[in-house]
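Chains as they are written, first to last, in this note's numbering: chain V, 1 to 350; chain X, 1 to 350.
One should not assume that every hint holds.
Because identical chains cannot be distinguished in the list, a pair is counted as satisfied if it fits within a single copy or across any two copies.
In the DMTMM-like style, the derived pairs of lysine to aspartate or glutamate whose C-alpha atoms are separated by at most 25 Å in a straight line are [claimed, not checked]: (1) 101 <-> 113; (2) 101 <-> 135; (3) 291 <-> 302; (4) 101 <-> 343; (5) 291 <-> 236; (6) 125 <-> 89; (7) 101 <-> 325; (8) 101 <-> 225; (9) 291 <-> 343; (10) 101 <-> 180; (11) 291 <-> 251.
If you are wondering where the hints come from, they were derived from the structure by calculation, not from laboratory data.
Bear in mind that the values here come from a model prediction, so they are computed numbers and not experimental data.
Protein chains: 2
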Amino acid sequence: MSGNDERRLGDLGERGIQEHLLRPRYGRTEGFGDDSALLGAVSTPSELVATTDSCPTPVVNLLREPDLYHAGWLLATINLSDLAAAGAEPLGLVVNYTLPKATTVREFERLLDGVDDCCAAHGTKVAGGDIRDGEVVQLTATAVGRCVPGSRLRRSGAGAGDRLLLVGSPGYLWAAALLETGQAALPEPDRAEVWRRACRPVAQLEAGRLLAAAGYARAAMDVSDGLFATVRTLCEANGLGAAVTGRFTLDALPAEVARQCGLAPFTLAQTWGDWGLVVAVGAADVRVVTKTLREEGIGAQEIGVLTADGGLTAGTAPWEGIAQERFSASSWHGGDVSTLVTDVLGGPVA
Amino acid sequence: MSGNDERRLGDLGERGIQEHLLRPRYGRTEGFGDDSALLGAVSTPSELVATTDSCPTPVVNLLREPDLYHAGWLLATINLSDLAAAGAEPLGLVVNYTLPKATTVREFERLLDGVDDCCAAHGTKVAGGDIRDGEVVQLTATAVGRCVPGSRLRRSGAGAGDRLLLVGSPGYLWAAALLETGQAALPEPDRAEVWRRACRPVAQLEAGRLLAAAGYARAAMDVSDGLFATVRTLCEANGLGAAVTGRFTLDALPAEVARQCGLAPFTLAQTWGDWGLVVAVGAADVRVVTKTLREEGIGAQEIGVLTADGGLTAGTAPWEGIAQERFSASSWHGGDVSTLVTDVLGGPVA
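Please model the entire structure based on the sequences and the hints provided.
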C-alpha cells in the first residue's frame with residue numbers, strides 16, 4: 001500500500017517510479033514499457049480521431065483542499081469530452097505529466113487513481129504515457145478514438161432552422177461553488193451529491209456515439225469554455241446566428257441553489273465545468289432525440305434555434321455571455337474563490 | 001508575412017491566434033477547428049500505437065541563440081522516434097503547447113515551422129492540437145501510428161546470442177557542442193554540416209518499418225537517454241546482459257572532432273541526441289540487415305551481443321556509461337554549456 005507514502009518522487013527516480021509505482025498498476029497493459037503504447041487493434045474500416053488538452057486547476061481544488069485525484073479525473077474528462085463531440089468510441093488515453101520532484105508518492109497515486117477511475121467509468125483506459133520532473137505541475141493527455149466512416153460529428157454541417165440541444169446536466173460545478181462559499185445551503189446529503197457531481201464530471205461519450213450512429217446530429221461541440229463560447233463558435237463554424245430561449249431546466253439541486261441565490265437558471269446553466277454537448281439537430285428530430293437520450297438517463301433539452309442572420313440572442317435581447325478565452329484576461333488559471341464566482345456568473349450574487 | 005511580427009500572443013488572444021496564425025497554416029487539414037482532430041482513415045486491420053513526449057531544452061539552443069524552430073523540430077523527432085522503435089507508420093502528430101502571453105508571433109511561427117518541417121521530412125503532419133498560456137514554455141506532443149498486426153516491435157523478444165545493432169549516425173550533437181565550445185575546429189562547410197545534423201535529428205522511421213516488415217528485429221528501442229541507458233533497459237526487458245565491443249565507427253566529421261579532443265569514438269557514440277535505434281537481431285541476419293539498411297542510406301553497425309549472464313561489459317571491462325534519468329540529479333533541463341559537455345562525455349575533454 002502506498003496510500004500514505006510520503007516519499008518524494010525525486011527519492012525514487014524515474015526507474016524507481018517505473019518499477020514501484022507504474023509497473024504494479026499498468027504492467028499488464030500490453031505494450032507497457034515499450035517506446036510506443038498499444039492503443040488497440042482495429043479490424044474494420046475506421047476514421048481515427050485524436051484530441052489533446054491540458055488540465056487547468058480544478059475549481060473544486062480551490063473550494064476545498066487540493067487533491068490531485070480531482071485533477072486526474074478532470075484531465076481524462078476534458079479529453080474524452082472532445083471525443084464525445086466527434087461521436088467517437090475511445091481507444092485509449094496517453095498521458096503526459098510534469099511534476100515537481102517534491103511530489104509525494106501519495107499525491108502521485110491520487111493523480112493516477114483519478115485518471116484511471118475516470119477512464120474506467122467511461123469504458124476506456126490509460127494506454128501509456130510519459131512523466132518528467134519540472135518546477136510546475138503540468139498535466140496533459142491525448143485521447144484517441146475511432147468513428148465509423150461517415151458518421152464523425154463536426155462543428156460544421158448545421159443549417160438555419162436546426163435546433164440546438166444541450167446534452168448533459170449543467171450547473172453542478174458552480175452550484176457547488178455557491179454552496180462552498182456560503183451563498184446557498186442544502187441539507188447534507190444533497191450538498192454531498194452536488195459536490196460529487198462537481199468533482200466527477202462525465203464526458204457525454206454515450207450520447208455522442210448514439211447521436212452519430214443514428215445520424216441525428218448535424219453538428220456538435222462540447223461545452224468546455226461556457227455555453228456562450230460554445231454556441232458562438234458553433235455558429236461561426238456554420239456561418240449562422242442563434243436565438244437561445246434563455247429558458248433552461250436545471251436538475252432539482254442546482255435549481256434550488258440558483259433560486260436561493262436569486263439567479264435565473266439560464267445564468268447557472270451557461271457556466272462551464274459540466275462538460276455537456278451542444279448539438280444541432282433537424283427540427284423534426286428534436287422530439288425523438290431528446291426522448292432517446294432521456295431513456296438512456298442522459299439530460300437533453302432544446303435551448304434554441306440556429307438562424308440565418310448571424311446574431312446571437314437570448315430571449316429578446318442580444319446575448320453577451322461569459323466566455324473564457326486562452327491568451328486573454330479571462331484565461332482560467334485558478335485564482336481567488338470569492339471573486340471567481342462573481343466573474344463566472346457575470347456579476348455579484350444576491 | 002509574419003516573419004518579423006513582434007506582436008505578442010497575448011495581444012491576439014486565443015481566437016486571434018486561431019484565425020490569423022493557425023487557420024492559414026492548418027485550415028485545410030480536415031477536422032481543423034473541430035473538438036477532435038482527424039488522424040486519418042484506416043481500412044485494413046491495424047494495431048494502433050501512440051507515444052507522448054515533452055520537449056526538453058534543445059542543446060543547440062544553449063550553444064547558439066535560442067530558436068523555437070529547433071525545439072519544434074526536436075519535439076516532432078522525439079515522438080516520431082518512439083514510433084520508429086515500434087516499426088510503426090505515423091498517422092499524425094497532436095501537439096500541445098503552453099506558451100507565455102509575451103511570446104511573439106515570430107517566435108510562435110518559428111515553433112510551428114520547426115514542427116511542420118520535421119513532420120513533412122518524415123512523411124507525416126500535425127493533425128491537431130491545443131495551445132494555452134502559462135508562465136513556462138512547455139511543448140508536448142503525441143504521435144499516433146499503425147503497425148501491421150503481428151509486426152509491432154517491442155523492447156522484449158530478444159534472446160541470448162542476438163546481436164545488437166545501432167541504427168543511425170551517432171555523435172553529431174555532441175560533436176557540435178565540442179565545436180561550438182572551441183574544443184575542436186573544422187573548416188566552415190564541415191562545421192556547418194555538423195551543426196545542421198545536430199539541429200535536425202532524424203527519427204529512424206524508415207529503418208523501423210523496414211526491420212518490422214522483414215521480421216528481422218527481435219527487439220528494438222530508441223536511444224533517447226544515451227546508449228548505455230538504452231542497452232541497459234533493453235537488457236532488463238529481456239532478462240539478459242550485453243557485451244558491447246566498445247569499437248564504434250563514427251561518420252567522418254564526428255570522428256575528426258573526437259580525434260581532436262582525444263576522445264574514443266565509443267565515448268562520443270554513446271551520448272544522446274541523435275535518436276538512433278538499438279535493435280536486437282539474430283546472429284545469422286546481421287549481415288543482410290546492415291547491408292539492407294546501408295543500401296537505403298541508413299547507418300547501421302553491430303555493437304555487441306546479448307548475453308545470458310546479466311552483466312553489461314564494454315570490451316573487457318564493466319560498462320558504466322552515461323545515462324540521464326528523470327527525477328534524478330542527471331535529469332536534463334538545460335544548464336551551463338561548459339559543464340554540460342564534461343557531464344555528458346563522462347569527464348573533462350583533453
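Worksheet item: Taking 25 Å as the upper bound on the Cα-Cα distance, should residue 101 and residue 135 be classified as within, between, both, or neither?
Response: both (8 Å within a copy, 19 Å between copies)
Worksheet item: Checking residue 291 and residue 251: alpha-carbon separation at most 25 Å within a copy, between copies, both or neither?
Response: within (17 Å within a copy, 69 Å between copies)
Worksheet item: Checking residue 101 and residue 180: alpha-carbon separation at most 25 Å within a copy, between copies, both or neither?
Response: neither (32 Å within a copy, 32 Å between copies)
Discussion item. One pair to classify: residue 291 and residue 236, alpha carbons no more than 25 Å apart. Within, between, both, or neither?
Written reply: Classified as neither; 28 Å inside a copy, 56 Å across copies.
Discussion item. One pair to classify: residue 101 and residue 325, alpha carbons no more than 25 Å apart. Within, between, both, or neither?
Written reply: Answer is between: at 12 Å across copies they meet the 25 Å cutoff, but 31 Å inside does not.
Item to complete: Since the copies are identical, ignore which copy is meant and state whether residue 291 and residue 343 lie within 25 Å (CA to CA) inside a copy, between copies, both or neither.
Response: Neither way: residue 291 and residue 343 sit 35 Å apart in one copy and 66 Å across, limit 25 Å.
Discussion item. When Cα atoms must be at most 25 Å apart, do residue 101 and residue 343 count as within-copy, between-copy, both, or neither?
Written reply: between (34 Å within a copy, 21 Å between copies)
Practice prompt. Can you give me the call for residue 101 and residue 113, within, between, both or neither, at a CA distance of at most 25 Å?
Written response: within (19 Å within a copy, 33 Å between copies)
Fill in: Alpha-carbon proximity between residue 125 and residue 89, which holds within one copy, between copies, both or neither at 25 Å
The answer is both: 12 Å in one copy and 23 Å across copies each meet 25 Å.
Worksheet item: Is the C-alpha distance from residue 291 to residue 302 at most 25 Å within one copy, between copies, in both cases, or in neither?
Response: Classified as within: same-chain Cα gap 11 Å, cross-chain 66 Å, threshold 25 Å.
Fill in: Copy assignment of residue 101 with residue 225, given that the CA separation must stay at most 25 Å
between (32 Å within a copy, 19 Å between copies)
Checked against the numbered hints given earlier, the structure breaks hints 5, 9 and 10 and satisfies all the rest.
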